[in-house]
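Student: Chain by chain, the residues:
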Amino acid sequence: MLELKDVSYTFKDGQKVNPVLQNIHLTIHRGEFVSLIGKSGTGKSTILKLIAGLLHADQGTVLHDDKPIKLGDVGYMPQHDLLFSWRTILDNILLPTEIKKQKKIKKQEALQWLQKVGLVGYEKAYPKELSGGMRQRVAFLRTLLTGKNVLLLDEPFGALDALTKKEMQAWLLSIWQETKQTVIFITHDLEEALYLSDRVMLLHPNDDLEEYTIPFERPRSRDLLYQQDFTSIRKKLEDHLRHDEN
Amino acid sequence: MMKIKSFIRSYGLFIICAVIFLMAMEAIVNAGFVPSYIIPAPSQVYNAIIENLSSLIFVHLKMTMMEVGIGFILSVVIGVILAVAMFFSRTIEKIIYPIVLISQTIPTIALSPIFVLWFGYTIWSKVAVTFLIAFFPIVVGSYDGLRSGNPEYIDLLRSMGATKWQIFIKYHVSNALPVFFSSLKLAIVYALIGATIGEWLGASEGLGYYSRRMSGQLNAAGVFAAITILSMTGIILFIVMSLIEKRLLRNRRS
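Protein chains in written order, with full-length UniProt numbering: chain A, 1 to 246; chain B, 1 to 254.
By construction, these hints were calculated from the structure, which means they are not laboratory data.
Treat the hints with care, as some may be off.
Selected chain A positions facing chain B (Cβ under 10 Å, derived; list incomplete) [claimed, not checked]:
no.	residue
1	L63
2	L71
3	V74
4	L82
5	S85
6	P96
7	R142
8	L152
Here a beta-carbon is modelled for each residue, glycine too, at the ideal position from N, C-alpha and C.
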């Protein structure tokens with residue numbers, strides 16, 4: 001379980017002081033898929049960085065299974081794929097296991113994953129040879145191979161074209177159904193958030209977190225996107241988001 | 001076939017111009033417009049090289065290359081150590097960086113009597129000049145390369161629980177390589193210049209010494225023979241370094 005208790009964070013750069021987050025409360029249960037949405041600049045990425053341990057809250061605590069979070073506790077996938085151009089695909093994926101000095105143990109697992117995500121034969125290729133969608137899959141596998149039961153995904157499909165994005169969503173769901181990890185997912189795409197998540201959290205500019213439970217059964221198919229229940233939740237979310245912009 | 005074509009496309013124009021220039025020089029000197037002790041005809045330079053080929057290559061070039069080799073390796077080792085130390089410690093950076101900079105503002109020629117005083121007329125006075133000239137681009141290049149890291153990559157590694165040393169090895173070092181190689185290419189050419197200057201200041205062997213002796217004898221063809229070999233050596237060293245760079249960095253995004 002992940003808990004943010006009364007968390008505040010202020011960004012300081014010399015004289016400039018910018019309070020990004022104030023008094024955030026958030027609880028995420030084991031195995032849950034939670035999306036975080038909100039307009040730009042509300043601090044969604046900051047929340048992920050606080051959970052990853054990259055930033056420290058000025059006030060309040062971030063707990064992972066009742067212990068304060070520290071670096072290396074969760075898997076973090078930033079916005080850009082950030083593949084290391086001088087490493088082969090396999091070595092990119094094995095990077096987290098290299099850091100933890102278990103590279104040899106995990107190599108078989110990594111090769112199996114490459115097979116599962118349709119990247120067979122690419123293990124010795126270099127990132128420059130891969131398309132955007134493939135690179136994103138590699139970056140995701142790298143996060144997965146951290147072996148952590150919490151994955152933080154910061155707009156993983158933001159830069160992909162619509163068609164590739166759909167493929168990747170289906171792909172992510174199938175993997176998540178297999179591994180049952182806790183996922184916190186940032187996106188600007190409401191449809192994506194609703195389709196993937198158990199819960200959607202809407203972060204308002206005043207730091208209120210509005211919660212939506214997404215009741216649809218799993219496994220979900222894309223037909224869901226055209227059902228009345230789905231579109232009505234989507235409309236409601238859209239209205240609330242638009243309200244923030246005015 | 002493709003290689004030849006792309007070679008011609010890259011260098012064809014230069015080669016044609018160079019050939020025309022050399023032919024024009026030959027004609028001008030032969031016609032008596034310029035005395036050959038001012039500018040020798042290309043054919044005279046060629047003859048001067050051929051006549052003394054074995055001593056030029058196996059005595060003088062060999063000596064110059066020894067100085068270049070030792071000076072360059074010292075530059076790389078010490079330059080990289082300094083750059084890494086500056087990268088890890090702000091205090092060291094604040095002390096070393098100004099010293100490195102000042103070392104480049106002192107005219108080498110002014111320092112040379114001191115080098116001769118310290119090292120005598122041994123190879124080490126020449127190595128010292130070579131080092132002084134070549135280590136600067138290496139320190140600056142390595143340091144800038146190490147610092148040029150993208151903070152997002154550093155955050156990614158930190159989120160995996162990497163130590164500062166792991167981040168250095170797995171990210172900063174590889175990330176610094178392109179800039180580092182640019183500095184190596186500069187440094188290897190500078191090293192050759194340094195060795196030549198060092199020989200001018202006092203030596204008994206080497207292409208710098210040879211060209212100085214020839215100029216003392218008003219033998220312009222001999223001077224140009226040494227310069228030609230030096231210049232070709234510089235080009236070859238540069239190309240070798242570029243090939244190593246290409247080989248090591250071949251997988252990077254262009």
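Student: Quick one, is the L82(A) hint okay against chain B at 10 Å, beta carbons?
Tutor: holds (5 Å)
Student: Given R142(A) was flagged as interface, is its beta-carbon under 10 Å from a beta-carbon of chain B?
Tutor: holds (9 Å)
Student: Using the nearest Cβ pair, does S85(A) come within less than 10 Å of chain B?
Tutor: holds (5 Å)
Student: Minimum Cβ distance from L63(A) to chain B below 10 Å?
Tutor: Violated: closest Cβ of chain B sits about 17 Å from L63(A), beyond 10 Å.
Student: Under 10 Å is the threshold here; is the Cβ of V74(A) close enough to any Cβ of chain B for the hint to stand?
Tutor: Constraint on V74(A) satisfied, holds at 8 Å.
Student: Hint validation: L71(A) versus chain B, beta carbon distance must be below 10 Å. Holds or violated?
Tutor: It holds, given that the least Cβ distance between L71(A) and chain B is near 5 Å, below 10 Å.
Student: Quick one, is the L152(A) hint okay against chain B at 10 Å, beta carbons?
Tutor: holds (8 Å)
Student: Could you check if P96(A) really has its C-beta closer than 10 Å to a C-beta on chain B?
Tutor: holds (5 Å)
Hint compliance for this structure: hint 1 is the single one not met.
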